[in-house]
Amino acid sequence: MQAEGFDWDKLRVFRAVAQSGSMSAAALRLGGSVPTISRRMSDLETDLNTRLFHRSTRGIELTDAGRTLLRHTDVMADVVEAVQIDVADKGSTETGLVRLEADEAVLAFWIVPRLAGFLKAHPDIDLRAFAWSPPAPDQANLADVNITLERPVQSDLITRRLGKIHYAIYASPLHPAAAGGLSPLASIYSTRCLFHRPHADLIAAALQPSDPLRQFCERSPVTNSLAAALAECRAGGSLCAMPTIVETTCTDVQRICLLPEVRADIWLSFPERTRRLARGTAVLDWVRAQFDADAHPCFRQSPVQAIRTDSGSQLRRQA
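For the sequence shown, our numbering assigns the number 26 to the initial residue and increments by one for each residue that follows.
A few of these clues could be false.
Derived SDA-like pairs (lysine to any residue); straight-line CA-CA distance at most 20 Å [to be verified]:
no., residue 1, residue 2
1, K35, V137
2, K35, T118
3, K189, L69
4, K145, L132
5, K189, K145
6, K145, V100
7, K35, T61
8, K35, E119
9, K189, A211
10, K145, T118
11, K35, L69
12, K145, W157
13, K189, E175
14, K35, S67
15, K189, A231
16, K35, P60
17, K35, L55
18, K35, E86
19, K189, T274
20, K189, A320
21, K189, L55
22, K189, R176
23, K35, L94
24, K189, L132
25, K35, S45
26, K189, V137
Computed spacing ranges between beta-carbons, pair by pair [what the hints assert, rightly or not]:
no., residue 1, residue 2, range
27, P159, R301, 24 to 34 Å
28, S67, A146, 43 to 53 Å
29, R301, E243, 38 to 48 Å
30, A229, L207, 21 to 31 Å
31, D89, L207, 32 to 42 Å
32, F31, Q326, 23 to 33 Å
33, S180, R139, 22 to 32 Å
34, A229, L144, 35 to 45 Å
35, A253, R153, 22 to 32 Å
Hints were generated in silico from the structure; no laboratory data involved. Glycine residues also receive a C-beta, built at the ideal position from the N, C-alpha and C atoms.
Required output: the full structure, derived from the provided sequences and hints.
Okay, here's the thing in structure tokens:
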């Protein structure tokens, strides 16, 4: 096939279908109709003389050839963006959209409360924050910036460790366990405690099956909703295991005991194109500052104790 006679726009449509996971989602994203999108993908398969998709009622799944083509179209998209930056000089100003995806707890308790300051300093950057979830094998990661508790495995992402996140057991002042202040971990093993699914998975991976904390977690209720876990804790219905950064925004829960053996690395990752854009660099610099362990000791290697101040709840190392 000669490149001059190839309809390159079909690759743009293909990439949208592969990333969104269905023809209907791609049509909505591109502003076209489902029959048109489907026809163009059938034409592309004919042009390449290969099957790119397995179609089902649940959407589409890429074949091996489709996954190979997606990798090439991702490279092409990066080249197009580089052309816009280098030739048209579009990236020299801090304007435009940046998509940030972060671990749900990090997003809710740390990133979102600080977004207003960034947006005030960079009014022309449209920074949109989303809860991170692992991309499906056939789908590309659409984020410009990722903050995760799992080290990314994608070879096309630049990865840096930001710090450590630590965990503790929390209670509402209404809960009987809060009456005695800080308590030994073993003292709460007979008490109802709610675990957020990512934290329960972390405990299972970090501790041996015979460990009392792991056994306690395995017999405790687990939820996939961070908001539900926090709401039940605030209402006094149960204890709750949460990252210690919750103390910076939620003053109506108090730490009962630290979980010193359970912690996770915080990873920053981003594609090369992000740091080629002025808006991307601005977001990356801001993210790094938010996790600076000197300014925010809660991200140091060792956990810190909470100290309440007049300006709110802050995490500092006690002398």
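Taking the hints in turn, this is what the structure says about them:
no., hint, result
1, K35 with V137, "violated (38 Å)"
2, K35 with T118, "violated (31 Å)"
3, K189 with L69, "violated (46 Å)"
4, K145 with L132, "holds (19 Å)"
5, K189 with K145, "violated (28 Å)"
6, K145 with V100, "violated (34 Å)"
7, K35 with T61, "holds (11 Å)"
8, K35 with E119, "violated (31 Å)"
9, K189 with A211, "violated (24 Å)"
10, K145 with T118, "holds (16 Å)"
11, K35 with L69, "holds (7 Å)"
12, K145 with W157, "violated (24 Å)"
13, K189 with E175, "holds (12 Å)"
14, K35 with S67, "holds (10 Å)"
15, K189 with A231, "holds (14 Å)"
16, K35 with P60, "holds (14 Å)"
17, K35 with L55, "holds (12 Å)"
18, K35 with E86, "holds (18 Å)"
19, K189 with T274, "holds (18 Å)"
20, K189 with A320, "holds (14 Å)"
21, K189 with L55, "violated (40 Å)"
22, K189 with R176, "holds (13 Å)"
23, K35 with L94, "holds (12 Å)"
24, K189 with L132, "holds (15 Å)"
25, K35 with S45, "holds (15 Å)"
26, K189 with V137, "holds (19 Å)"
27, P159 with R301: 24 to 34 Å, "holds (26 Å)"
28, S67 with A146: 43 to 53 Å, "holds (48 Å)"
29, R301 with E243: 38 to 48 Å, "holds (46 Å)"
30, A229 with L207: 21 to 31 Å, "holds (26 Å)"
31, D89 with L207: 32 to 42 Å, "violated (55 Å)"
32, F31 with Q326: 23 to 33 Å, "violated (53 Å)"
33, S180 with R139: 22 to 32 Å, "holds (31 Å)"
34, A229 with L144: 35 to 45 Å, "holds (38 Å)"
35, A253 with R153: 22 to 32 Å, "holds (24 Å)"
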